Amino acid sequence: MMNHERGGSRSDQMDIVVTIILIGGLFFFTGGAIGIIRLPEFYCRLHAAGQLDTMGVLWTMAALALYALDDFSLGAILTSLKIILIVFFLFITSPTATHAIVDAGVRAGLSPWRKSGEEE
Amino acid sequence: MDRIFLYSALFFSVLMLLSLYRAVFGPTVLDRLVGVNAIGSKTTALLILIGLTYHRVEMFVDIALAYATLNFLAVLAASRYFQKRRGLYDEAPTK
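Listed in order, the protein sequences are those of chains A and B.
The numbering of the first sequence is this note's numbering, which starts it at 4 and goes up by one.
The numbering of the second sequence is this note's numbering, which starts it at 6 and goes up by one.
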């Protein structure tokens, strides 16, 4: 955290802010991965995967775009805009992919999970 | 700061291994598709982290954008394909 290799124009406060936002994104990704493993059935797994991965991408990419915007040159601004473009693209495509998987499951006749005691 | 990015990339790799468990051992085909989708959305973030570690982020961000597009197309095409098929269980649990 203390080694500034690109001239030292970056402030320590910005590094701390980037680290906190990055850890927030990793928290959401961890929740998504645990949900994919632990939940009982694939509709529930899609719930965890779709929502938490989208939120984790938002936080992580926000941190990385802040870090890439170290000086206000044209290249740095363009890189940050491309990272934000990836977030925008994922916010459109991730619900679409989730909806397509759920649609495939419904049409294939998979019924949602119930507790083992209650039968219809 | 490079070290923080490196450790974050390692943590992403561990999370991708956890998602790979669902992609390998998932009982239905759609479970595997969920795992592959989760791995793909983590990979876009991991590619930018690799670019920041190597100080070449302006090159890796284009690769990440292309990878996000390809992942979306693969998942969408696979789910459209499996929509036409009945009986998605690999080994039938209730017969």
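The hints are simulated quantities; they were obtained by calculation from the structure and are not laboratory data.
Remember, predicted model here, so these are calculated numbers, not experimental data.
Idealized CB from N, CA, C, for every residue including glycine.
It is possible that part of the hints are untrue.
Only some residues are given here: those of chain B computed to face chain A with a beta carbon under 10 Å [unchecked claim]:
(1) Ile9
(2) Leu11
(3) Thr33
(4) Val39
(5) Gly40
(6) Ala43
(7) Leu54
(8) Arg85
Restraint satisfaction for Val39 of chain B [CB to CB of chain A, less than 10 Å]:
This interface hint holds because 5 Å falls under the 10 Å limit.
Verify the interface restraint on Gly40 of chain B: the C-beta must sit less than 10 Å from at least one C-beta of chain A.
With Cβ-Cβ at 6 Å, under 10 Å, it holds.
Does the CB of Ala43 of chain B sit less than 10 Å away from some CB of chain A?
5 Å, holds
Once the shortest beta carbon distance from Arg85 of chain B to chain A is found, is it less than 10 Å?
7 Å, holds
Can we keep the Leu11 of chain B interface hint, with Cβ of chain A closer than 10 Å?
Interface hint status for Leu11 of chain B: violated (12 Å vs cutoff 10 Å).
Per the CB criterion, is Thr33 of chain B less than 10 Å away from chain A?
Since chain A brings a Cβ to about 6 Å from Thr33 of chain B, closer than 10 Å, the hint holds.
Tell me if the interface restraint on Leu54 of chain B is satisfied: Cβ within less than 10 Å of some Cβ in chain A.
7 Å, holds
May I ask you to test the interface hint for Ile9 of chain B with respect to chain A, counting a Cβ-Cβ separation under 10 Å as satisfied?
6 Å, holds
Hint compliance for this structure: hint 2 is the single one not met.
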